[in-house]
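*Asks:* Spelled out from the first residue to the last, the chains are:
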Amino acid sequence: MTEDEDRMEYAEQNALLKRGFDPVLTEPIPARMYLKNPPWLDYARAAVLVSVGIAMGLAAPMLRAPAPAAAAASPQLAIRAARAHLVYSPEVRHPVEVEAKDKDHLVKWLSKRLGTNLKVPILASEGFELLGGRLLPGNDGPVAQFMYQEPSGKRLTLYVTRPHKGDNVTAFRFAQEGTVSVFYWIDRECGYALSGEVDKPTLARVATAVYKQLEP
Amino acid sequence: MDYNLIIPFIPNLRRYARALVGDRDGADDLVQDTLERAVRKFHLWKPGDLRAWLFSIMHNVFVNQLKARKISPSVQIDETTIAAHVPTVTSVDVLDLQRALLTLAPEQREVVLLVALEDMTYADVSRALGIPMGTVMSRLSRGREKLRGLMDGEKARSALRVVQ
Numbered sequence: 093m094t095e096d097e098d099r100m101e102y103a104e105q106n107a108l109l110k111r112g113f114d115p116v117l118t119e120p121i122p123a124r125m126y127l128k129n130p131p132w133l134d135y136a137r138a139a140v141l142v143s144v145g146i147a148m149g150l151a152a153p154m155l156r157a158p159a160p161a162a163a164a165a166s167p168q169l170a171i172r173a174a175r176a177h178l179v180y181s182p183e184v185r186h187p188v189e190v191e192a193k194d195k196d197h198l199v200k201w202l203s204k205r206l207g208t209n210l211k212v213p214i215l216a217s218e219g220f221e222l223l224g225g226r227l228l229p230g231n232d233g234p235v236a237q238f239m240y241q242e243p244s245g246k247r248l249t250l251y252v253t254r255p256h257k258g259d260n261v262t263a264f265r266f267a268q269e270g271t272v273s274v275f276y277w278i279d280r281e282c283g284y285a286l287s288g289e290v291d292k293p294t295l296a297r298v299a300t301a302v303y304k305q306l307e308p
Numbered sequence: 005m006d007y008n009l010i011i012p013f014i015p016n017l018r019r020y021a022r023a024l025v026g027d028r029d030g031a032d033d034l035v036q037d038t039l040e041r042a043v044r045k046f047h048l049w050k051p052g053d054l055r056a057w058l059f060s061i062m063h064n065v066f067v068n069q070l071k072a073r074k075i076s077p078s079v080q081i082d083e084t085t086i087a088a089h090v091p092t093v094t095s096v097d098v099l100d101l102q103r104a105l106l107t108l109a110p111e112q113r114e115v116v117l118l119v120a121l122e123d124m125t126y127a128d129v130s131r132a133l134g135i136p137m138g139t140v141m142s143r144l145s146r147g148r149e150k151l152r153g154l155m156d157g158e159k160a161r162s163a164l165r166v167v168q
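Residue numbers (my numbering), protein chains in the order written: chain A, 93 to 308; chain B, 5 to 168.
FYI, nobody ran anything at the bench for these hints, they're computed from the structure.
Take the hints with a grain of salt, since some may be wrong.
To be verified - List of simulated lysine to aspartate or glutamate pairs, EDC-like, C-alpha gap at most 16 Å: (1) Lys150(B) / Glu101(A); (2) Lys150(B) / Glu104(A); (3) Lys200(A) / Glu218(A); (4) Lys193(A) / Glu221(A); (5) Lys211(A) / Asp279(A); (6) Lys211(A) / Asp232(A); (7) Lys211(A) / Asp196(A); (8) Lys110(A) / Asp100(B); (9) Lys246(A) / Glu289(A); (10) Lys110(A) / Asp37(B); (11) Lys304(A) / Glu218(A); (12) Lys211(A) / Glu119(A); (13) Lys110(A) / Glu111(B); (14) Lys150(B) / Glu218(A); (15) Lys71(B) / Asp37(B); (16) Lys304(A) / Glu281(A); (17) Lys292(A) / Glu218(A); (18) Lys150(B) / Asp100(B).
Sequences and hints are given; from them, build the entire structure.
*Replies:* Set out below in structure tokens:
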């Protein structure tokens, strides 16, 4: 083979490889790949913020790297769910707005606000009892959060939102937001995210139970 | 200097990793480990070619993973993959291509893919993989030759299938 023929053959090989693997370029980036900035950067930012004299109470949340806009696709659901989990699950006195003993009312109320018939999964077989739920503001309207608790005190939250325009139905996905693990999925009616500071296998087991119970 | 600088390179790292490793989960794990290491070593990066730096980190992680796999060749099944019904679109062509690639020695595969997918120059590859230019060239030509033979074989075989 001549050098020219070689070169053509190789150009063809490059094209073939690119054609084969270029679709990966446009796949949504898994949420877990959006890492935080290196720790030293946080220290640097903290130093600046403190020297400017911003109250630490206000400054602390700002030290977290903002979620990159590119994550907007569907991990947003996971991110918002994880944040809501972090805010409400440590609550001792008011973890929920409506307690599980008023479950019928809770479901009716949240269903009405979200504009769909919500189902509340029963997770007793997985060791988690329903504590109750609350209404939260979402990006595009109201969001429901149900909270579950294990005898040890460990809590899980199920975040339920109406899907946004352009949200695609997705299968089960996993995301890690700091210390919070999230399994999330979107079906035709709602987006769901189960969050907890538990190990992945445990969360996967419970999420599978939720998924099965909610599946129409 | 922060992580937002790295994010634009993630799609390219994933494409390369997919071709290098073969399966989606293994490839994304390689990318994940690479990103985490990049963040830990960020202070060592000297402003310059960030892409080459990231690919050199991926190379180191890949080599470590190969070593680790030699010791414990275990297949880990992620519970997410069991529960998921993710439709993966894979054409026969890509599978053939993937199979052919995986028969190349890893060090040849790396060079071929960096040149073919990333359009890296010999100098870029030499920097990313930490090997001399001469080695880049010899691995590239051996890898390309082998891949050509394999793809010709595939072509012949699929032609045969059509004839039958």
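*Asks:* It remains to establish, for every hint, whether it holds in the given structure.
*Replies:* Verification of the supplied hints:
1. Lys150(B) / Glu101(A): holds, 13 Å
2. Lys150(B) / Glu104(A): Satisfied, since the Cα-Cα distance of roughly 15 Å is no more than 16 Å.
3. Lys200(A) / Glu218(A): violated, 25 Å
4. Lys193(A) / Glu221(A): holds, 11 Å
5. Lys211(A) / Asp279(A): holds, 13 Å
6. Lys211(A) / Asp232(A): With Cα atoms ~21 Å apart, Lys211(A) and Asp232(A) exceed 16 Å; violated.
7. Lys211(A) / Asp196(A): OK: Lys211(A) and Asp196(A) at ~11 Å, within 16 Å.
8. Lys110(A) / Asp100(B): holds, 14 Å
9. Lys246(A) / Glu289(A): OK: Lys246(A) and Glu289(A) at ~8 Å, within 16 Å.
10. Lys110(A) / Asp37(B): Not satisfied, since the Cα-Cα distance of roughly 24 Å exceeds 16 Å.
11. Lys304(A) / Glu218(A): Cα-Cα ~13 Å, so holds.
12. Lys211(A) / Glu119(A): Given pair Lys211(A), Glu119(A) is violated - Cα atoms ~32 Å apart, limit 16 Å.
13. Lys110(A) / Glu111(B): violated, 19 Å
14. Lys150(B) / Glu218(A): The hint is violated at about 53 Å.
15. Lys71(B) / Asp37(B): holds, 15 Å
16. Lys304(A) / Glu281(A): holds, 15 Å
17. Lys292(A) / Glu218(A): holds, 14 Å
18. Lys150(B) / Asp100(B): holds, 14 Å
The structure does not agree with the numbered hints 3, 6, 10, 12, 13, 14 stated previously, though it agrees with the rest.
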